[in-house]
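A.B. asks: Residue numbers (our numbering), protein chains in the order written: chain A, 1 to 215; chain B, 1 to 215.
Derived from the structure by calculation, the hints contain no laboratory data. Mixed in with the good hints there might be a few duds.
[Stated by the list, open to error] In silico DMTMM-like links for lysine to aspartate or glutamate, alpha-carbon gap of 25 angstroms or less: (1) A:Lys164 - A:Glu142; (2) A:Lys101 - B:Asp113; (3) A:Lys138 - B:Glu149; (4) B:Lys88 - B:Asp182; (5) A:Lys101 - B:Asp182; (6) A:Lys88 - A:Asp56; (7) A:Lys175 - B:Glu149; (8) B:Lys101 - A:Asp182; (9) A:Lys138 - B:Asp151; (10) B:Lys125 - B:Asp113; (11) B:Lys175 - A:Glu149; (12) B:Lys88 - B:Glu62; (13) A:Lys164 - A:Glu62; (14) B:Lys138 - A:Glu149; (15) B:Lys37 - B:Asp56; (16) A:Lys2 - A:Glu25; (17) B:Lys138 - A:Asp151; (18) A:Lys175 - B:Asp151; (19) B:Lys101 - A:Asp113; (20) B:Lys88 - B:Asp113; (21) B:Lys175 - A:Asp151.
Protein chains: 2
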Amino acid sequence: MKIGIMGTGMVGAALGTKLIQIGHEVKMGSRSASNEKAVDWARKNGSRASYGTFADAAAFGELVFNCTAGTVSLAALSSAGSSNLKGKVLVDVANPLDFSKGMPPTLSVCNSDSLGEQIQRALPKVKVVKAFNTMNCKVMVEPSIVPGEHDVFVCGNDVQAKAKVVEIIRSFGWKSIIDLGDITAARGTEMILPIWLRLFGLYQNRPFNFRIARS
Amino acid sequence: MKIGIMGTGMVGAALGTKLIQIGHEVKMGSRSASNEKAVDWARKNGSRASYGTFADAAAFGELVFNCTAGTVSLAALSSAGSSNLKGKVLVDVANPLDFSKGMPPTLSVCNSDSLGEQIQRALPKVKVVKAFNTMNCKVMVEPSIVPGEHDVFVCGNDVQAKAKVVEIIRSFGWKSIIDLGDITAARGTEMILPIWLRLFGLYQNRPFNFRIARS
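With the hints as extra help, turn the sequences into a complete structure.
C.D. replies: Quick look at the structure:
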């Protein structure tokens, strides 16, 4: 599949590399047409990897991942152009972490709204699926680094779009995928970030992830 | 130990009953001196169970559980009287769920503050330990109803107070207790409620709990 990745940070690079490894073609997009990190990532990832602007990545992808920082996601998606995204599945991996008031970060949107919902409202013809935002990017692409059973949460309004994203998630090696329902569940998965950040402080470099223990 | 329970709802009743069963004396407090549910609970739980006002329960307990609804906890604790609570450990089990704007509930405080912190600020001479607020009360008192390993989170500023609470939690049968640090971590455990509510909708009456999968 042709996949667009918006964002050149750790998350975009990890997902892009994984998608290349399992056979997809990936274009990494950023604000500029030749972002240094995107160029570097594409050079390391062979002929199926390319780079360009947000609009280039959005136009290229049959499916697009939003891996930009949550506080700039809406601007990045606007720059990508709604016509380039129309009708496509957008996997929103971003978290609205606001570091501007110091540590720990707060959420720039939460409680009665979420970044996932804001993106869905801004792009009503795009099928937004929130996924993967509750874990470190190393865990996203290699779930076995966390011992035992653990879960990835998905939510979104379009059932077929979710099914397509679930298929990709399974192809990464995931066994347990919990569908939380429509995109308003993004409030829940984004608001899990404050405890995630505490746990990250506690476990440092030891990988961890959420598991819903259940019968 | 003599323990005060503030609140006569499901959570207060479940914790009170468990504490009686394992040998403690418990006084359940409410706004009125003879709340019908408190009278009924005490009648069912034998000679070590009693009831009274919030102030009676606070004065009685060497350790006190706040099991009131989060949106009225500060008023209930104020009514209990800071002199009745001074120097004691207060286990805050409440969540600031606001149902006044319809379903799903929002949090009346979150993101840059939490109910746990509000209570600690209102009662600076009380040792507030946030615990148990991330699960159903049936799971609190009988962790084995959820299969596999799963966790209870604690946080608070006073290390000795946390150790005392951890001891009680262990006496309920808990194996894995995660200390998230000071009381500001209550933001994290309270903000986990939106996803908990989604999961509750998904699993209905099947008990579940959070587990942090880790090495």
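A.B. asks: Now look at each hint and say whether the structure bears it out.
C.D. replies: Now for the hints, and whether the structure bears them out:
| no. | hint | verdict |
| --- | --- | --- |
| 1 | A:Lys164 - A:Glu142 | 19 angstroms, holds |
| 2 | A:Lys101 - B:Asp113 | 14 angstroms, holds |
| 3 | A:Lys138 - B:Glu149 | 23 angstroms, holds |
| 4 | B:Lys88 - B:Asp182 | 17 angstroms, holds |
| 5 | A:Lys101 - B:Asp182 | 20 angstroms, holds |
| 6 | A:Lys88 - A:Asp56 | 14 angstroms, holds |
| 7 | A:Lys175 - B:Glu149 | 18 angstroms, holds |
| 8 | B:Lys101 - A:Asp182 | 20 angstroms, holds |
| 9 | A:Lys138 - B:Asp151 | 23 angstroms, holds |
| 10 | B:Lys125 - B:Asp113 | 19 angstroms, holds |
| 11 | B:Lys175 - A:Glu149 | 18 angstroms, holds |
| 12 | B:Lys88 - B:Glu62 | 6 angstroms, holds |
| 13 | A:Lys164 - A:Glu62 | 11 angstroms, holds |
| 14 | B:Lys138 - A:Glu149 | 23 angstroms, holds |
| 15 | B:Lys37 - B:Asp56 | 16 angstroms, holds |
| 16 | A:Lys2 - A:Glu25 | 5 angstroms, holds |
| 17 | B:Lys138 - A:Asp151 | 23 angstroms, holds |
| 18 | A:Lys175 - B:Asp151 | 21 angstroms, holds |
| 19 | B:Lys101 - A:Asp113 | 14 angstroms, holds |
| 20 | B:Lys88 - B:Asp113 | 23 angstroms, holds |
| 21 | B:Lys175 - A:Asp151 | 21 angstroms, holds |
Checked against the numbered hints above, the structure violates none of them.
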